[in-house]
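Q: Here are the chains, one letter per residue:
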Amino acid sequence: MKTIMIVEDEKSIRDELKTLLETSGYKVILLERFDNTLEDILKSKFDLLLLDINLPKMNGETLLKEFRKQSNIPVIMVTSRVGETDEVLSMSYGADDYITKPYNPTILLLRISNIFKRMEKSTDFLTYDDIKVYQGKGILMKGEEILDLTKNEMIIFSYLLNNRSNIVTRDELMTELWNNEEYINENALTVNISRLRAKLESFGIENAIETRKGLGYKLL
Amino acid sequence: MKFSKYVFDKWLEILFALFGYFIVLMMLFAFKISKEVIIGITVVFLLFFIMIILTGYIKRRRFYTNLINNVDKLDKKYLVLEMLNEPSFYDGKILYQVLYEINKSMNENVKDLEISLNDFKEYVELWIHEIKLPISSLVLMNHNHKTNVDKKYDEQIRRIDDYVDQILYFVRSENAEKDYLIKDTSLKKVINSVAMKNKNDLLERNISFEVELSDIKVLTDSKWLEFIVNQVVSNSMKYTKDNNSIIKISAVETSKQVDLIIYDNGIGIPEKDIKRVFEKTFTGENGRATSKSTGMGLYIVKKLCRKLGHKVRIESKEGEYTKVVISFAKNDFYKIGD
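Protein sequence lines correspond, in order, to chains W and R.
If you're matching positions, the first sequence starts at 51 in our numbering and goes up one per residue.
If you're matching positions, the second sequence starts at 11 in our numbering and goes up one per residue.
Be aware that a few hints might be false.
To be verified - As a list, the in silico PhoX-like pairs of lysine-lysine whose alpha-carbon atoms are at most 25 angstroms apart:
(1) W:K107 - W:K95
(2) R:K207 - W:K68
(3) R:K162 - W:K263
(4) W:K263 - R:K193
Honestly, the hints are just simulated from the structure, not real lab data.
In this text, all values refer to a predicted model and were calculated from it rather than measured experimentally.
From just these sequences and the hints, can you work out the full model?
A: Shown next as structure tokens:
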């Protein structure tokens, strides 16, 4: 289980972020006092840091700069300041991503999982039981057999696969698709899912995608 | 400075001189001085009198002609003192000193206003930063504690956020300072941010969002452009017809510029209104009909575009479509060490 550290001085946001990340299957460490922020961060063990820019005493950008001297753990900067300068500065200090408040929670989760995925990526394919999933090429391979998927179908399938044991809501799928510049509507999503089901069935994978009424989908 | 007017202005001095001359003449006659001497004295008297008038005139003419010409030429007329030397004659010195004092006090006044305007601007930026915190909390809470109306909450929160951004960019567009950063920006990325922001609203209202963009980069501030496009898209979403609504975003690239085109098949803009849509607080027929319009959105868009050096224009046919085109000039000047 991945651990995420939240450095955010606004209590209500901090608590809600904790709930959000915990329900998404992450372990969360919170920082409640900001007297020795840098030392506290360096002492803690975590896999990703969510760092606010406006903090008491030492601002997030300076913290990031100091933190980068000693660690390569990914950092996402979070801020309510709207300005290109802050973003450019943060990125140049070595932030992995930059998000402005108020952010869409689903997008935040996506960005986090993207960073983890980028770190783990040693192979260019995912596996689904005995099937290799090549996202870039848009194909599934079972032995020598090949199944072609369209871009949308591949996005949906990969997302379900990455969240295999969980229920995935339609909203999450929609967010993932839109985030990949596929601006489809509700009907098109339904069509894409049934087409994906039919394709998987023709490939010998039957009833792989389960519909949970009112909740979403689950890849078995 | 006219000589005749100057002479006319000296009528009192001339009167006294004539009077003095007349008394001297009487005295000369009384002492039976010869005609030749009288003529000689008259000539000398006249010569010196003309010289007095002339030197006074020439001194003043130099100063005042300079003053008048400079005031005419200068764009910022209050800077005129910088162009003048202090005159050598007494009344000119007084004028010069007074002008200097007036200038100083006006400068102080302007400075005070500038400071208070800047304070206000800083406060607004700070306030926006603060208000974004509760908005963020609300978004997260709404996500964490799902209810069956959460999409409606989301929509309202997004509206609050949009209006807050509008103030922020209004303040930024009114201010002379440069707080933007021009760099190579991917249009796709900007459009994606706008799409994600409006995703729920678009899906909820069944507006189809079509994007046809290749990998075009333009020189702009991505945050400002995001705000601009978001304003235009918000308008498109506001003024839809009842069904089959489409918002279509595309771009045309030529050797000189890139045109970003935001098209919608909404209710359009009446011909009599179209020239005025970029004016401050202009709402037009459509705005009055829905009463949701402040008339500020497109005004801010125009101002931001002007600051960034982009052109923005709008085409429309009432009842059929509206098309907003933002043009980005291609300028190698901004490309630093690419």
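Q: So, for every hint listed, does it hold in this structure?
A: How the hints compare with the structure:
{"no.": "1", "hint": "W:K107 - W:K95", "result": "holds, 23 angstroms"}
{"no.": "2", "hint": "R:K207 - W:K68", "result": "holds, 23 angstroms"}
{"no.": "3", "hint": "R:K162 - W:K263", "result": "holds, 21 angstroms"}
{"no.": "4", "hint": "W:K263 - R:K193", "result": "violated, 47 angstroms"}
Comparing the model with each earlier hint shows a violation of hint 4 alone; every other hint is respected.
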